[in-house]
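This is what each chain is made of:
Protein chains: 2
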Amino acid sequence: MVRIAIDAMGGDLSAKAMVKGAVESLKEEGMKLLLFGEEEVLKQELSSYSYDPERIEIVPCSENISIHESPVMAIRRKKDSSLVRGMLAVKNEEADAFISAGSTGAVLAGGQLVVGREKGVYRPPLAALIPTKNGVCLLTDCGANVDAKPEWLHQFAKMGAIYMEEMLQIKNPSIGLVNIGAEEEKGNSLVKAAMQILREDTDYNFIGSVEARDIVEGNCSVVVCDAFVGNVVLKMYEGVGKMLLSEITDTMKHSGPLALLAALLLKKPLKKRLKKFDAKQYGGAPILGLKGLVIKVHGNTDGKEVTTAIKQAKEFAEKKLTKKIAEAIDFKEVEE
Amino acid sequence: MVRIAIDAMGGDLSAKAMVKGAVESLKEEGMKLLLFGEEEVLKQELSSYSYDPERIEIVPCSENISIHESPVMAIRRKKDSSLVRGMLAVKNEEADAFISAGSTGAVLAGGQLVVGREKGVYRPPLAALIPTKNGVCLLTDCGANVDAKPEWLHQFAKMGAIYMEEMLQIKNPSIGLVNIGAEEEKGNSLVKAAMQILREDTDYNFIGSVEARDIVEGNCSVVVCDAFVGNVVLKMYEGVGKMLLSEITDTMKHSGPLALLAALLLKKPLKKRLKKFDAKQYGGAPILGLKGLVIKVHGNTDGKEVTTAIKQAKEFAEKKLTKKIAEAIDFKEVEE
Numbered sequence: 015m016v017r018i019a020i021d022a023m024g025g026d027l028s029a030k031a032m033v034k035g036a037v038e039s040l041k042e043e044g045m046k047l048l049l050f051g052e053e054e055v056l057k058q059e060l061s062s063y064s065y066d067p068e069r070i071e072i073v074p075c076s077e078n079i080s081i082h083e084s085p086v087m088a089i090r091r092k093k094d095s096s097l098v099r100g101m102l103a104v105k106n107e108e109a110d111a112f113i114s115a116g117s118t119g120a121v122l123a124g125g126q127l128v129v130g131r132e133k134g135v136y137r138p139p140l141a142a143l144i145p146t147k148n149g150v151c152l153l154t155d156c157g158a159n160v161d162a163k164p165e166w167l168h169q170f171a172k173m174g175a176i177y178m179e180e181m182l183q184i185k186n187p188s189i190g191l192v193n194i195g196a197e198e199e200k201g202n203s204l205v206k207a208a209m210q211i212l213r214e215d216t217d218y219n220f221i222g223s224v225e226a227r228d229i230v231e232g233n234c235s236v237v238v239c240d241a242f243v244g245n246v247v248l249k250m251y252e253g254v255g256k257m258l259l260s261e262i263t264d265t266m267k268h269s270g271p272l273a274l275l276a277a278l279l280l281k282k283p284l285k286k287r288l289k290k291f292d293a294k295q296y297g298g299a300p301i302l303g304l305k306g307l308v309i310k311v312h313g314n315t316d317g318k319e320v321t322t323a324i325k326q327a328k329e330f331a332e333k334k335l336t337k338k339i340a341e342a343i344d345f346k347e348v349e350e
Numbered sequence: 015m016v017r018i019a020i021d022a023m024g025g026d027l028s029a030k031a032m033v034k035g036a037v038e039s040l041k042e043e044g045m046k047l048l049l050f051g052e053e054e055v056l057k058q059e060l061s062s063y064s065y066d067p068e069r070i071e072i073v074p075c076s077e078n079i080s081i082h083e084s085p086v087m088a089i090r091r092k093k094d095s096s097l098v099r100g101m102l103a104v105k106n107e108e109a110d111a112f113i114s115a116g117s118t119g120a121v122l123a124g125g126q127l128v129v130g131r132e133k134g135v136y137r138p139p140l141a142a143l144i145p146t147k148n149g150v151c152l153l154t155d156c157g158a159n160v161d162a163k164p165e166w167l168h169q170f171a172k173m174g175a176i177y178m179e180e181m182l183q184i185k186n187p188s189i190g191l192v193n194i195g196a197e198e199e200k201g202n203s204l205v206k207a208a209m210q211i212l213r214e215d216t217d218y219n220f221i222g223s224v225e226a227r228d229i230v231e232g233n234c235s236v237v238v239c240d241a242f243v244g245n246v247v248l249k250m251y252e253g254v255g256k257m258l259l260s261e262i263t264d265t266m267k268h269s270g271p272l273a274l275l276a277a278l279l280l281k282k283p284l285k286k287r288l289k290k291f292d293a294k295q296y297g298g299a300p301i302l303g304l305k306g307l308v309i310k311v312h313g314n315t316d317g318k319e320v321t322t323a324i325k326q327a328k329e330f331a332e333k334k335l336t337k338k339i340a341e342a343i344d345f346k347e348v349e350e
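Line by line, the protein sequences are chains U and P. Just remember that this note's numbering sits 14 ahead of the position in the first sequence, which is counted from 1. Just remember that this note's numbering sits 14 ahead of the position in the second sequence, which is counted from 1.
Hints listed in this document are in silico derivations from the structure and should not be mistaken for laboratory results. Careful, some of the hints might be misleading.
No copy labels: a pair is met if it fits in one copy or bridges any two.
[Claimed, not checked] Derived lysine-lysine pairs resembling DSSO-like cross-links, with alpha carbons at most 30 angstroms apart:
| hint | residue 1 | residue 2 |
| --- | --- | --- |
| 1 | 147 | 256 |
| 2 | 92 | 200 |
| 3 | 200 | 294 |
| 4 | 133 | 200 |
| 5 | 256 | 133 |
| 6 | 147 | 281 |
| 7 | 256 | 57 |
| 8 | 305 | 200 |
| 9 | 338 | 305 |
| 10 | 256 | 185 |
| 11 | 206 | 57 |
| 12 | 282 | 337 |
| 13 | 163 | 185 |
| 14 | 93 | 200 |
| 15 | 185 | 325 |
| 16 | 206 | 46 |
| 17 | 92 | 206 |
| 18 | 285 | 267 |
All of these numbers come straight from a predicted model, not from anything done at the bench.
Generate the whole structure from the sequences, applying the supplied hints.
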């Protein structure tokens, strides 16, 4: 029986989305959910649903961490917050995974400070599945470690490959390093050094540089970069997509009655086609390399993404990915 | 009379596009064009046009630099290439500006090695006008200097602001620093240090962090970053745009006769609306902070972009922007 801890208070819709997603995920057998948060609020939310009470347990917490707080300070001070309590459950092996839609900074800080890094892991990256023309790829690191070192990127690649192989059944997944050109001599000093380490590691399917424009074409399964670059990739994807779609919708609406008719005709097929670009359907972004799984879902999450993230956490736990990742990382006492 | 040197051999279409763009730009008065390249080829191309022979001069060169050569080696060895000869004309004040569609690496290396940096300039950035929802912004550095230092970014911002104020008549242009969040404590070490320097310089309209997703919304006029990040921004813009448009076109084509009809109805208004996202209409990307203007146009350029770049070069020269930029940079002997 997999036990999943849920920060039921985080996110813009907080308890509403988290509880909805939790209840709906119970169609899946073989797991129990622990909802961390304010007892009264959660009881109230749960009262709208019928569910097996054996499989959802409320763990009352008196505090919440907001997105406006300094993450490290909040983690240290708010010992009875849903985020810290949920993460402690993972650390103490009372839960196999933790899911939160709360402050990204607090989830990242809590992952390191409360759950803790697996032995030998330099820095746990935040990894997100992003849609491509051909499917999805894992962008790692997309938010945790700026000012990265070459050997960190090497580990991001290894952990990402294991994730894609186990969770998405992609055999020997191709790994690309984000670069500013395909030529060997291109790159900044971090990328040049990481390139060499990745080339030397023949246990993985490293295909060399990937230019930003090729990421969305889907020419590799694991896209490796430092968190600054990864965040720029993610935000540009989001920004350009949103802006272009709004330009197109706007054109349809304001180019006369024929264009409006055309818009009506295209609405359904376009919606269907572009569905694959909705990042929420892929579940949350796991932090890899911690002693237990932590998944960050979008702040503006809906119940559906939460349900997907719960399934993702269950699969991760059942496949013992925490252990497999730890085994793939060469043991080494990492200095702080 | 402004004199503009043109590398007539660079780019995918080489002489064809460059000569077409050159001849068409002659509608503009007050300038003379120097076409550097193989005499026979250029004579042949020019023979298709009627033009004032006083205003176009062929400067015969026996060598070409290809995009496959090591830029620095090529610049050092091929002294009679159209690229080196054209840049030398700028250095020797026989021309006011130089335009090339050739290898970006060679244009950047030649800018530094042949034309040379203006006194006090740490590193000349490659700056590109990119379309936004509201118009355009200048992305600087988008290709020249990876592993940048905070004070370089400060200069990129200053030079970019002067460019936007003078060339695009944007009064007191807003400057944003590419970052991974709006909060004060966000960023990598480069960005944090640059942020402080930019905040302290009250001569410019620095507005703080700009997240990648906001760049395309057009919320600032000068977008500052190191060349690695700038290249990722540029390539993501290109890649996401291309991919989304192909998905949409494909949906229209393969969703039955009604969708096809809709596509026909929308073709014209959409084309008109999306025209502003064609980067070529904004001319080329100037390298700022050199002793003379160097402009890089796209490798797959057409005549139209070349014409626009020539006008851009003429305006830059007439407004004495090289001098204005030099004056804005605090004099300082920069160590290599």
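Against the structure, the hints:
In this assembly of identical chains, the alpha carbons of residue 147 and residue 256 lie at most 30 angstroms apart whether taken from the same copy (17 angstroms) or from different copies (11 angstroms). In the homo-oligomer, the alpha carbons of residue 92 and residue 200 lie at most 30 angstroms apart only across protomers (22 angstroms), although the nearest pairing inside one protomer, at 46 angstroms, exceeds that limit. Taking the shortest Cα distances, residue 200 and residue 294 sit within 30 angstroms of each other only across copies (25 angstroms), while inside one copy they are farther apart (34 angstroms). Taking the shortest alpha-carbon separations for residue 133 and residue 200, only the inter-copy value of 27 angstroms comes in at or below 30 angstroms, while the best intra-copy value is 33 angstroms.
Taking the shortest alpha-carbon separations for residue 256 and residue 133, neither the intra-copy value of 40 angstroms nor the inter-copy value of 43 angstroms comes in at or below 30 angstroms. Taking identical chains as interchangeable, the C-alpha atoms of residue 147 and residue 281 lie at most 30 angstroms apart whether they share a chain (20 angstroms) or sit on different chains (23 angstroms). In this assembly of identical chains, the alpha carbons of residue 256 and residue 57 never lie at most 30 angstroms apart, being 37 angstroms within a copy and 48 angstroms across copies at closest. Taking the shortest Cα distances, residue 305 and residue 200 sit within 30 angstroms of each other only across copies (26 angstroms), while inside one copy they are farther apart (36 angstroms).
Taking the shortest alpha-carbon separations for residue 338 and residue 305, only the intra-copy value of 11 angstroms comes in at or below 30 angstroms, while the best inter-copy value is 57 angstroms. For the identical chains of this complex, residue 256 and residue 185 are inter-copy neighbours only, at 29 angstroms across copies versus 33 angstroms inside a copy, given an alpha-carbon limit of 30 angstroms. Taking the shortest alpha-carbon separations for residue 206 and residue 57, neither the intra-copy value of 54 angstroms nor the inter-copy value of 44 angstroms comes in at or below 30 angstroms. In this homomeric assembly, residue 282 and residue 337 never come within 30 angstroms of each other (Cα to Cα): the closest approach is 44 angstroms inside a single copy and 57 angstroms across copies.
Only within a single protomer do residue 163 and residue 185 lie at most 30 angstroms apart by alpha-carbon distance; the minimum there is 28 angstroms, versus 41 angstroms between protomers. Taking the shortest alpha-carbon separations for residue 93 and residue 200, only the inter-copy value of 24 angstroms comes in at or below 30 angstroms, while the best intra-copy value is 47 angstroms. Taking the shortest Cα distances, residue 185 and residue 325 sit within 30 angstroms of each other inside one copy (21 angstroms), while across copies they are farther apart (54 angstroms). Taking identical chains as interchangeable, the C-alpha atoms of residue 206 and residue 46 are never at most 30 angstroms apart, the minima being 46 angstroms within one chain and 44 angstroms between chains.
In this assembly of identical chains, the alpha carbons of residue 92 and residue 206 lie at most 30 angstroms apart only when taken from different copies (28 angstroms versus 42 angstroms within one copy). Within a single copy, residue 285 and residue 267 get their C-alpha atoms as close as 16 angstroms, and across copies as close as 15 angstroms, so both meet the 30 angstroms cut-off.
Hint check: violations occur at hints 5, 7, 11, 12 and 16; the rest are consistent with the structure.
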